[in-house]
Amino acid sequence: MLEVRHLTKHYSRIKALDDVSFTAARGEVTGYLGPNGSGKSTTVKMITGLIAPSAGEILYNGESIHRDLISYKKLLGYVPEEPHLYPHLTGQEYLELTGDLHGIPPDRLANKISGFLRLFSLSGDRYVPLSSYSKGMRQKILVSAALLHNPEIVILDEPFSGLDVSSAMILRSLIQSLAAEGKIVLFSSHVLDVVERVCSRVVILHKGRVAAYDSIANLRGLMSLPTLEDIFSQLAVEQDTSAIAQEMIELITS
Amino acid sequence: MFLQRFLDLELLSSRGDAQHLLVQIVAILAGFSFVMTYWKSQQYFFGSTRMSAEKFLTGTWSDQGSFAGITMLVTALFTILMWDSLFPDRRDCLILSPLPIRMRTLFSAKSAAIATGIGLSFLAVNSFIGLAYPFMLPTSGSMPQVFRALAAYWIAMGGASLFVFSALLGVQGIALHTLSHSRFARVSSYLQVGAFFATVSYFFLTPSILSPAASPLRRIRSCSNRFPAIGFSACFRRCWGTTAR
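Residue numbers (our numbering), protein chains in the order written: chain A, 1 to 254; chain B, 255 to 499.
In short, the hints are calculated from the structure, not lab data.
We treat Cβ as the ideally placed atom computed from N, Cα and C, and that holds for glycine.
Be a bit skeptical, because a hint or two may be false.
[What the hints assert, rightly or not] Capping the alpha-carbon separation at 30 Å, the derived lysine-lysine pairs in DSS-like fashion look like this:
hint, chain 1, residue 1, chain 2, residue 2
1, A, K112, B, K364
2, A, K135, B, K364
3, A, K112, A, K135
4, A, K74, B, K364
5, A, K74, A, K112
[To be verified] Per the computed footprint, the stretches of chain A lying under chain B, defined by three or more beta-carbons under 8 Å from a beta-carbon of chain B, are:
hint, region
6, 43 to 56
7, 70 to 81
8, 171 to 183
Just chain B, with the same shape it has in the complex (with noise of 0.2 Å):
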């Protein structure tokens, strides 16, 4: 029920329409999973015959930042469009409260909704690529290199995943808690929206790790507290044992 709430829009109006809209974002973010995936194992395919395994390792750094900003993205937008169903609301008190649920059910309920929300659309974008990207990368064809790749792959997007929800969740949280209820219903909007700009600026204004004035490690040095994306790119090399190059 919670879930189906966050995709309360006005345009809906037959019955199954919020499933049916929810079908289709996944569908469309496994799809763009997909063609990422197609492309960029051609780019590796190719790009692993034309240089060093050292070489190309370093120029993988990118893609990495990339993962992480495209997973954070999607997970700010899908929070986002949560915005006025995160917390349990006037409305779910004034509907559910008469009724004999405790209060700790209802957060459970709606921490399952979101829950399932957020991991909808985190699994759905990370899909394709997130199975075959460990493959992609030059690991000297050993089997626990690649899962390595694979199990640091998902910890790090879901580290992105986490942090930017987190700190959406905050931002309200705070929110609520200073403002009286009816000042912070005036500013949720604005906050929403605010929200929006910041996060699509920031994946667009984030800087590649390869540069060539700086090695990749002196700029994850310099960028990462600024750019989250560009830090969980570490993560990910870290976990995959990569950290060096």
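In isolation and in its complexed conformation, chain A is listed as follows (with noise of 0.2 Å):
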């Protein structure tokens, strides 16, 4: 089980963070959500052990992740909002880094990124840096980076980005195979309707402090409203979204 517990993060005298607490579970798929500027991205950071809290505690199975953080790191399977990746490497050689890094044995390593190359349709491209490949490769190479090594906490920030429709699609069954392979599953995306096909429990975040905590059936029944992105839009959003779409469309007529 993965806890965060009274998660608060300053940068200089700005609160990005704000006593979050929540737990994330063995088998379960746990969304996190906010818009932007809410705090996501940083509680992920903190969660994969980047950056360290100003106040609060990450905790997996009980014990601090900072008590051993290269031991919890090597449990940990991250795909991050942005593809960083070196772009002189090919998607081969990114592959055979992260899990040699994570200790994976070479034969066991080539079988798993050539089965990864394969189920992704990157196969031909796996001598190509990658500096040549489109965003949704790169996602795709991520996302393989991440899974290699069969980790143990799976915590995706956005992993749809730039993926073209049935690799979406193979992702959200991934997604919930994952969690049904007994993995904790932390996903932050902003696409609510896959967020709410796959997730059990979310956490609604909105100017660093969690909004709401629980899962969606409750959280409908509670606000009796149908779907999660009405959820979200009582909870996280507070402008009138119509009528800034009007407005901009009077600004583009004018």
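If you follow the hints, you should be able to join the two separate chains into one complex; please do so.
Here you go:
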């Protein structure tokens, strides 16, 4: 179980995250939602050990992840929001690098890499530098790299970014299957219909604080709203979206 | 991986381009070293037959200064080429931090890559001349003296290379510590260009040790503080045991 307790993060004087607590259980996909600047990526960076929290703690199986960060990272599969890669490496080389750093034996690693590249239809581009890959192809490489070592905890930050329809459908099924395998899956996204389909629970952030944390069914019942999008709009969207759209149309046509 | 990243240029697109470019650079430097060796061997052969050993030995001062200058110039140019990859940057952190890798491992890998890049350029530019030059010098034919000259050459040139690399690393390190990330990002390219022109200018402005107005020793005393190449040529002669001449 992955537990986030009273997590707070300050950037200079700005409070990016304020007393955030939630739990991501095994066998469940936990959705992590919030508008831009609500602190989603900050939380994800702290859970992956990229940045340290100003206050609060992150526990895995009851122990702080910072007690043995390297062992914790061995259990972690992370798909970042931005596709940060070394553009001079080929897809194959990048996967070899990540697999090697995770300590996967070479023969097993070669099989896994071939399998991932084949299933993501990248076999033909395996020796092409990542600088020549499209955004979707890079995303497939990042997803493969995150799952190569069979992680216990899978953190996906906008994993559908740039993916074509068939790859997105594959990934959606994959997320559910990973949870069914007993893994802890934290899924941060703006694509609310996908979140609604794959997540058992959601955490909705607003201005760095938890606005809601429950199962989607419970939230629907509590708020008497039919969809996650309506719930999200009620909790985290302050603007009148229709009015803004109408104003934009007037601006375009003026 | 880090070594390839030094040559991570926009021009490189196909697989293996970085390695090919590195091999080409090394080959050009080694070729330059070969031409210099041939030229100097001709000069020293005819020079040593026309003048006394004492006078001839004094005349070799300026060559030793030039070798140190060329080594420093090549090291500086390689360091400037690697400028953006000398220290682990934001991209390294974002890519490698979620992986189970210790910071010291990351620094060791980076250091090994830098050492390989600089080491290759240093070895290439000194490859032929560094092995042949000690044999060209008038050493009374004694093998211990030849080996001493060989060791002196590599010590002096290694020192010259290390000096200029450390100086440029220091410049970037100080800038990184004193400036904010965004300000450093703005200033970094100017520093890189400045370092390039400073190095090239220094190479061409370094005066000759041989001057009709003063003896080499007096000239070294007056110039070695301002022109490190002259200091390293003195280092060569001290290690070789010919300081007095």
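Okay, the hints, checked on the actual structure:
{"no.": "1", "hint": "K112/A to K364/B", "verdict": "holds, 28 Å"}
{"no.": "2", "hint": "K135/A to K364/B", "verdict": "holds, 28 Å"}
{"no.": "3", "hint": "K112/A to K135/A", "verdict": "holds, 22 Å"}
{"no.": "4", "hint": "K74/A to K364/B", "verdict": "holds, 22 Å"}
{"no.": "5", "hint": "K74/A to K112/A", "verdict": "holds, 17 Å"}
{"no.": "6", "hint": "43 to 56", "verdict": "holds (count 3)"}
{"no.": "7", "hint": "70 to 81", "verdict": "holds (count 7)"}
{"no.": "8", "hint": "171 to 183", "verdict": "violated (count 0)"}
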